[in-house]
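Q: Put chain A on the given structure of chain V with help from the hints.
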Amino acid sequence: MVGVSAASGGVGAAIAGGKAEDILFGIVQGAMVGALNHQAGEKQKEREIIKFFSRLRSQYEGKSGNEICLSRKKLDYLISKGKIKWETSKYNESTKTFSAVIDFYNSDTDLKLSFGRATVYYMDNNGKAIFTGFHDVYDFDPKPWGTRSYTNEIITRTYNSYSSGKKFEINF
Amino acid sequence: MKRKILWSTLILIILIVGVGYTYEVFFKRSPEKILLNQFGISLKKYNYSVVSMQEQWDYNGDGYCLILFDLAQFDTQEFNSLINDNFKKLPINDKIEVSEIPESYLKSQDGYYIFQVEEEDSRNFRIFIINTKLKKGILYYQIM
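Those protein sequence lines, which keep their order, are chains V and A. The C-terminal position of the first sequence is numbered 172 in my numbering, with every residue numbered one higher than the one before it. The C-terminal position of the second sequence is numbered 144 in my numbering, with every residue numbered one higher than the one before it.
Bound conformation, chain V alone (with noise of 0.2 angstroms):
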């Protein structure tokens, strides 16, 4: 995308008849606002996912309990977005893949309070992560007091009484 609004700048500085420095500017010019569109098609993409994530909790709140398939691009974008936390992995012989924590407690926001801790699902391919899957469960149960920190107990049952839904399973 860069280089095409590059090279129509340089053209049309060209074609208007303009001298070398006209058409390199004409190139820069092309470069950056190419540039700029670049990166707002990415953030707009990034929001449409983001927005996506939003509408975990009123899944939740509509206690339908049906479970969420992510697409491809979907798993991709929360696996560049987690921490896999590759000392956790371990092998199942049966499926022949590995599974792995995946962490989004130093994640966005909207990832935190959707996610949390997750388990992916990955293949090995000479050293190279191949992601086959994703699970998770979206619920926030009261456990006894203690057992999470009392800020956190609070907030999870806050939320729970608030909003009362029904869980649900996240599946990739």
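No wet-lab data here; the hints were simulated from the structure.
Below, computed lysine-lysine pairings styled on DSS-like, alpha-carbon distance capped at 27 angstroms:
#, chain 1, residue 1, chain 2, residue 2
1, A, Lys133, V, Lys90
2, A, Lys107, V, Lys83
3, V, Lys83, A, Lys95
4, A, Lys95, V, Lys96
5, A, Lys28, V, Lys143
6, V, Lys85, A, Lys95
7, V, Lys112, V, Lys81
8, V, Lys143, A, Lys88
9, V, Lys90, A, Lys95
10, A, Lys33, V, Lys143
11, A, Lys107, V, Lys90
12, V, Lys90, A, Lys88
13, V, Lys96, A, Lys107
14, A, Lys95, V, Lys167
15, V, Lys83, V, Lys96
16, A, Lys89, V, Lys90
17, A, Lys107, V, Lys85
18, A, Lys135, A, Lys89
19, V, Lys90, A, Lys135
20, A, Lys44, V, Lys143
21, V, Lys143, A, Lys95
Not everything, but these chain A residues come out facing chain V in the computed CB check (under 8 angstroms):
#, residue
22, Arg29
23, Lys33
24, Asn37
25, Trp57
26, Asp58
27, Val98
Backbone N, C-alpha and C fix where the C-beta goes; we use that ideal spot for every residue, glycine too.
A: Just chain A now, with coordinates in the frame of chain V:
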């Protein structure tokens, strides 16, 4: 006026001490309290130390807690008095989902463990492993 200030200061000090005391006694999380809370096991009468404690709780309620106890001063008799009927012998035969527990503890051969898992989601479990050879105890639980 002076008396009012004196009383106000006194009440404020009492309040601060009271809040601090309540927090220390009832709300402050400690490895001992967590072990008692999770498995009903008290280490009060034993000679032990806490090597490390780490926990992480997300806003949606997910998280984990990992505590490592040093039981180097324990003798056979003390191990026997600590272990109750709920313990099973190592090695671990139960299926443990992905967790933050170091592999070396999961593969322990000598000692005992208690394992409790949620029926609905096997990723939510708690475990207390006592390695009698290394003389270490590890408490772990997670909610996902």
